[in-house]
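K.L.:
With the hints as constraints, model all of the structure from the sequences given.
Order-wise, the sequence lines are chains A, B and C.
The first sequence maps to residues 14 to 159 in our numbering.
The second sequence maps to residues 7 to 496 in our numbering.
The third sequence maps to residues 5 to 512 in our numbering.
Hint data in this document are derived by calculation from the structure and do not stem from the laboratory.
A virtual CB, placed ideally from N, CA and C, is assigned to each residue, including glycine.
Do not take every clue at face value.
Unchecked claim - No more than 30 Å apart at the CA atoms, straight line, and that leaves these computed lysine-lysine pairs for DSSO-like:
#, chain 1, residue 1, chain 2, residue 2
1, C, LYS379, C, LYS125
2, A, LYS81, A, LYS66
3, A, LYS78, A, LYS66
4, C, LYS125, A, LYS45
5, B, LYS161, C, LYS379
6, B, LYS161, B, LYS306
As the list claims (entries may be wrong) - Partner residues are not named here, just some residues of chain C that face chain A (Cβ under 7 Å, in silico):
#, residue
7, VAL154
8, GLU157
9, GLY168
What the hints assert, rightly or not - Footprint (simulated), chain C over chain A, 3 or more residues, beta carbon under 8 Å:
#, region
10, 38-50
11, 59-72
12, 131-138
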Amino acid sequence: MSFLLGHFNYLIVVFLMMGGLWITFSSRNYIKRMIGLALFQTSVGLFYISLGKVAGGTAAIVLDKTSKAGEALNAHLSPDYVARAGVDGVVYSNPLPHVLILTAIVVGVATLAVGLAIAVRVREAYGTVEAGEIAELDRTEAGPRA
Amino acid sequence: MSTGETLILATLLLPLFTAGVIRAIGRAEDVRDTITLLAGIALAILCAAMLVRTGEGDAPSLVLAHPLPGLDIAFKLEPLGALFALMSSTLWAVNSLYSFGYMRAKRETNQTRFYMCFALAMAGVMGVAMAGNLFTMFIFYEVLTFATYPLVAHKGDAAARRAGRIYLGILAGASVLLLLPAIIIIYVLAGSTDFVAGGLLVDKAGPATAGLLLALIVFGAAKAALFPVHAWLPNAMVAPAPVSAMLHAVAVVKAGVFVLLKVSGYIFGADLMHANPVTQWLLWLAAATIVIASLVAMTKDEIKARLAWSTIGQLAYITSAALIGGAALTAGGLGMVTHAVGKITLFFGAGVIFAATGVSRVSEMRGLGRRMPLTFGAFLVGSLSVIGLPPFGGMWSKFLLITNAFDAGQPWTAWAMIASSILSTMYLMPIAVYGLLPPTGTQPAAFTLPGGAPRLSLTPIAITATLCLVLFFLAGPIVAFLGPLAGGAR
Amino acid sequence: MNAFIDFYAAPPGLTAHAAPLLVIGPLIAACAAALSPSTRSAWMISVGGTIFAFWMALCLAGEVARNGVVNYYMGGFAPPLGIAFRIDALGVMFALLISGIGVMAALFSGHTLEAEIMKGKRRLYQSGFLLCVAGLLGLSATGDAFNAFVFLEVSSIGTYALIGVGVDRRALPAAFNYLVMGTIGATFFVIGVGFLYAATGTLNMADMSGRLATLGDSRVVEAGFAFIVIGLGLKAAMFPLHGWLPAAYAYAPSLMGVFLSATATKAALYLMARFLFTVFGPHLDFVGLFLTWVMAPVAGAAAIICSAQAIFQTDIRRILAFSSVAQVGYIMLGVSMASAEGVSAGLFHLFNQALIKSALFMALGGLAFNIKATKLSDFSGVGRTAPWTMTAFAIGTFSLAGVPLTAGFLSKWRLIEAAFAAHWLWAVGVIAVSSLLGLIYAGRMLETIFFRAPVSEERAGEARFGVLVPLWILAAASVWYGLDASLPVDLSTAAAQALGLAPAGAAP
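P.N.:
Written out as structure tokens, the structure reads:
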């Protein structure tokens, strides 16, 4: 139980991920599928942030441990922990995953934009964004030209 | 570049070049046909020159490309290949002459494509004949398959296309599924695929592996038409007569047995052929093919179908020789030549009869010979040679094949050959004999072609019939020439 | 690689920075193409940009041939801190392939865009194409796992857009499906990389490999492996994750057909090989088990099932698309042998496939002016009305089916040889059977094109000269490498060696 509670953020990640995938695969509507995809990608962001978070750590901006903010931070942490996990007496969260996921978010937004643009074009060409109806139109209508 | 290399290159390029010229000239019929004929004669002269050099022990060789390490596109003449090349090129020239008469008389369409594919097929044959290793042989073997496909499907109607598909399906299918893996395995085992006197695989493969490889190759070389990969041959008979004559009596089917003879002599060697457990089974299968094909041939009224089944049986003779190996290889080589000349005569005859009268069934031919004495006379000569009666070339090859089978302790094979010879008398002789007998009851069919048989086609029949006779006297020199083939083994 | 050892045809300053220039060149060209004044100038920029990239790839090949591996640290920051490009023989092979095909595709694009892309979008189209090229080249150059993801998506996003812009509306749902599947694949890959980062604390693939070797099996590593393999499998259209591919290839504008079929799935395969052999390595139990018991059977099934499916397609481009999936199967089969022979044979096959498929799609695209439909029956008798175009198509088809004297034959030969050497007799059978099926669909195409009567006389005509040039270069390459395969064999052998697989007989 404590394992689950200790990893509740990962549980949320899994929940979001599965939810996103489920929406993506079960929907026939292009817009809903994009929503699912966005949810799925966002869950990965949370996953990376969780990886990078160090308990009690602060943002990776160089901090003097004797400064007011530094003392406020260290007040909540045991000296042993600070000595083990800290750099120059200050505990930082790992900045790298944050930076990475910033890139991933950009990629995700771009994908979303392209996907929605294609959905718009689909709507223009077929008059619908329902996968079933599109397949039906492809089967029945003679002209394959847009 | 040495003379030998030049000869090989010229032999390869001449048919290819001819194909290009034929394509370019196209509709100028007379020029196109003349060029085909001249190319055939020139090719025969080249092959004769190579044969002489090979006989003198100065075999030409050439390496064209190195696709992969140990894997070359290389050519090297040896007696059997030189003989095969000379036989095919000579008969190509003769057949070209025949084609002009036949194709014009029948007013066939797409003649340019026809002659072009024929020339390409000859390039394939030359490559197979001169190949210095199994890989090169395989390449040209496939060239032959694909170049002859348009000839089989020449008519372009549904039946012809279906036959073409069967043809390509069996030939290409067997070679991809069976022959090619076998060649690659040989390459892995021996590091090359070269033809080596005495056998490439000696000391490199155990009897069990050799047996597996032998089975793969015998069925993979489906052009040899051993049961059950024979089905393409009767189907291919939808093709025009010159195609059946040249390709399905000479070039294509002989390329199949040629592969088997070469593999037996230069890849496995007599000892491995003898020691592996599969040879015996294949020999029994070949014996069965010999007898059954003859029996089927007897039931066929359609003359080309009868000849096709006869070919299947006769090919199995040569396959048996290849399987026995050693001294039998020379008998096989001789059989290859005599059967080719005999069978092409028969197909020529069948084609002329069909072109002149539209008759293609044996039962309707009674009395026709009175009106076409030359054709039926030549047909009789061809029949006698194929059956194996003196004074024609076929006799020596049959004799040698049967005695070799007895010597090798394969009485079943020998008896099958003897039985089949008797059967072949029964299905071949009636055609010529009834044709020459006086008609009974209904009159024989009239000429549909004004003037009867196409003139241009009669000369070739006379030539090949004469060759049947000449081969009777040439058998000795040919066997002597092929001597190294058997001598290298034992 | 020896062919490149004396390649010094660039000023030393340029050679020193060839690795980033390989990517930056097409990127800048992409911007320039978008801003250029006319379609024609955009096309010239596109050709110039890809030629520049190819030149840089040649320089890198020379460097790799001399020094083994080219390391380039962005901004001078060494790996744990900075992002590194690390180009070895495998990367160079892909860079050469992608940029080379890129040049051909760019040459080809000049005329076909007029037929297929609406006016006003053509410059942007060239720009998108160059982005794609840049992304794929970056993928082949980078030594950083996350960076690889970014490049993968740069190229993929370009691809999604470019597939959908054609005149055939069926391309739109195809592009959408590809986008969904591709994004899921890429996201799986990122998740996997995240796991590996959690386990090793580094994103540099070389460092990762070193730390994984000491770490051994752990749940986290195994989970990462699974995510990465499935993600890249989706991108590479690895059977049975290939559902998106046939429609995307079949209905895309022909430029995309040409470029994608040669490079897109191949790039994902490249990354997969990188992870399987460099980052993880077949010595890890679960990798070995995966290769033998998952990848090999799946690859064999792909080679047979998809070849069989190709036979029954009525749309000519769908035949080629299914054939592509089957060919991915061949390549995977070679890779799954995890031997130097197998992997190099697979890579050799990949190289040939890139040449073949781009040539085939190019021939079809070149006729897009004349033939407005894509059904196989619409191509009846085209062999007579467009002999030059279709002869090149026939050469490509021969190579695809593995007819002797073509490159495709030799790579199948190497695959069978490798399978036999690995004692995988079943794989020999699979390749033989699948080759036979390949012969059938190839024969079906050629029979229709050359031996059926033309549908109507007026839709005659060759492809434009500008199309015939790259088409025949590719077709000639297929024949040339069928006669002398030393270049691709050298490249693929060196690539397999770069993956840590020593040829049999060599000292370990």
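K.L.:
All hints, please: hold or fail.
P.N.:
Structure-based check of all given hints:
no.	hint	result
1	LYS379(C) <-> LYS125(C)	holds (27 Å)
2	LYS81(A) <-> LYS66(A)	holds (22 Å)
3	LYS78(A) <-> LYS66(A)	holds (19 Å)
4	LYS125(C) <-> LYS45(A)	holds (28 Å)
5	LYS161(B) <-> LYS379(C)	holds (26 Å)
6	LYS161(B) <-> LYS306(B)	holds (23 Å)
7	VAL154	holds (6 Å)
8	GLU157	holds (5 Å)
9	GLY168	holds (5 Å)
10	38-50	holds (count 3)
11	59-72	holds (count 3)
12	131-138	holds (count 5)
The earlier numbered hints are all upheld by this structure, with none contradicted.
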